[in-house]
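Asks: Could you build all of it, start to finish, from the sequences and the hints given here?
Protein chains: 2
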Amino acid sequence: MDFKDVITGRRSVNFFDPQKPVSDDLLKEMVELAALAPSSFNLQPWSLVVVKDAERKKSLQKLAWDQPKVSEAPVILVVLADRSAWRPGHPVLEHNFEEMVAYGRLTADQRQWFEEACMSLYGESIEKQQAFAVKNTAFFAMALMLAAKHLGLDTHPMDGFDHQAVRKLFNVPDQYWIPLLLAVGYFKSDEKLLPPKWRKSFEQIVVEF
Amino acid sequence: MDFKDVITGRRSVNFFDPQKPVSDDLLKEMVELAALAPSSFNLQPWSLVVVKDAERKKSLQKLAWDQPKVSEAPVILVVLADRSAWRPGHPVLEHNFEEMVAYGRLTADQRQWFEEACMSLYGESIEKQQAFAVKNTAFFAMALMLAAKHLGLDTHPMDGFDHQAVRKLFNVPDQYWIPLLLAVGYFKSDEKLLPPKWRKSFEQIVVEF
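As they're listed, the protein sequences go chains A and B.
Each residue of the first sequence is one higher than the one before, counting from 27 in the working numbering.
Each residue of the second sequence is one higher than the one before, counting from 27 in the working numbering.
The hints are simulated quantities; they were obtained by calculation from the structure and are not laboratory data.
Heads up, a few of these hints could be off.
If chains are identical, the list can't say which one is meant, so a pair holds when it fits in one copy or spans any two.
Unchecked claim - Simulated pairs of lysine-lysine, DSS-like, Cα-Cα distance not exceeding 25 Å:
no.	residue 1	residue 2
1	K154	K226
2	K194	K78
3	K84	K46
4	K84	K226
5	K154	K46
6	K88	K30
7	K78	K214
8	K78	K226
9	K88	K154
Keep in mind the model is a prediction, meaning the values are calculated, not measured.
Replies: So this is what it looks like as structure tokens:
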């Protein structure tokens with residue numbers, strides 16, 4: 027599908043057809059396309075809890091403003107942002123460091139520099155830890171929404187949930203933030219979409235101080 | 027350009043051709059395509075400082091690990107995330123509320139519910155304020171990178187900069203976080219790209235606790 031059609035055609039849909047499941051193959055294709063998103067030092071601090079089971083969706087719906095789409099969408103992705111993925115010893119960081127050295131992007135004796143850079147950019151305050159985890163995971167989540175559209179799927183990114191209660195329901199460790207839930211499925215064709223919401227123009231986006 | 031080619035072809039390039047400028051029209055098209063990204067209550071907490079002037083780029087380069095691409099890329103976007111865009115009185119919020127009422131998405135007497143929802147989801151802690159601003163702005167930034175590729179441009183998202191010093195250089199008010207600098211231009215064709223970095227597989231991304 028042409029990129030322009032994907033980005034203009036992507037809508038946050040409120041009504042999913044509960045009769046149309048998303049195949050495991052299609053979900054995998056969507057996730058792996060989205061995982062091509064870039065990330066800080068390639069640390070990829072994103073993970074997903076995949077919720078398909080009707081009872082689990084029902085429990086989640088209760089914690090998400092009781093929105094029917096949580097149960098109606100065949101798949102809900104609980105999107106997780108790992109606030110500790112910049113720490114030495116984290117398996118993804120260690121894998122990356124090895125790869126960077128193998129490709130000559132860094133030399134082995136830059137290890138200390140690398141650790142200090144990660145600490146100063148991503149570790150030294152709550153603000154920085156949160157920004158690191160959420161930024162990179164949101165790159166991935168935006169790519170998920172677009173990859174879904176490309177594959178004929180619809181999505182809805184959701185903020186309206188009780189963060190602590192959802193954390194508890196899925197036993198999510200403290201190192202993760204939950205930036206969003208993402209409903210994935212097929213738009214229910216007998217419902218009507220409202221017109222797209224307004225957007226800021228180029229002139230409204232560009233600022234000087 | 028096909029979406030799959032865009033997402034697989036997007037690379038963070040380190041070398042930009044300083045002789046190939048980005049036209050104002052193309053930059054505007056890129057930004058307005060990206061601005062179709064979704065955001066929490068459509069609050070669009072993203073802004074850009076557009077840096078093209080050689081002297082300004084030079085000053086910015088000094089604050090960004092002296093990376094040559096900051097000067098070589100014809101455009102550097104200082105990407106800003108507004109941590110206050112959920113507050114009553116913010117012009118974008120007020121515009122959205124009016125539009126939501128006009129389209130029947132909310133009724134005027136849901137104003138108090140709306141304000142309380144914004145406060146509880148985005149306002150009640152530093153973590154939540156930061157996550158709100160950075161998440162939505164990162165949706166926009168990911169869309170910027172993909173829209174750029176679709177339009178034949180290359181990009182590089184940068185973390186390696188002194189946050190406070192860049193804030194000072196551009197007089198960025200405290201309400202904004204700077205999640206990234208984005209270099210935009212054309213890959214310098216006499217340079218070679220390293221192979222794409224590894225990515226986590228579907229099985230590595232999906233977790234249960």
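Asks: Decide, hint by hint, whether the structure agrees.
Replies: Now the hints, each set against the structure:
no.: 1; hint: K154 x K226; result: between (27 Å within a copy, 23 Å between copies)
no.: 2; hint: K194 x K78; result: within (18 Å within a copy, 48 Å between copies)
no.: 3; hint: K84 x K46; result: within (18 Å within a copy, 54 Å between copies)
no.: 4; hint: K84 x K226; result: neither (36 Å within a copy, 30 Å between copies)
no.: 5; hint: K154 x K46; result: neither (41 Å within a copy, 34 Å between copies)
no.: 6; hint: K88 x K30; result: neither (36 Å within a copy, 36 Å between copies)
no.: 7; hint: K78 x K214; result: within (18 Å within a copy, 46 Å between copies)
no.: 8; hint: K78 x K226; result: between (36 Å within a copy, 22 Å between copies)
no.: 9; hint: K88 x K154; result: between (32 Å within a copy, 21 Å between copies)
Of the hints listed earlier, those the structure fails to meet are numbers 4, 5, 6, in rising order.
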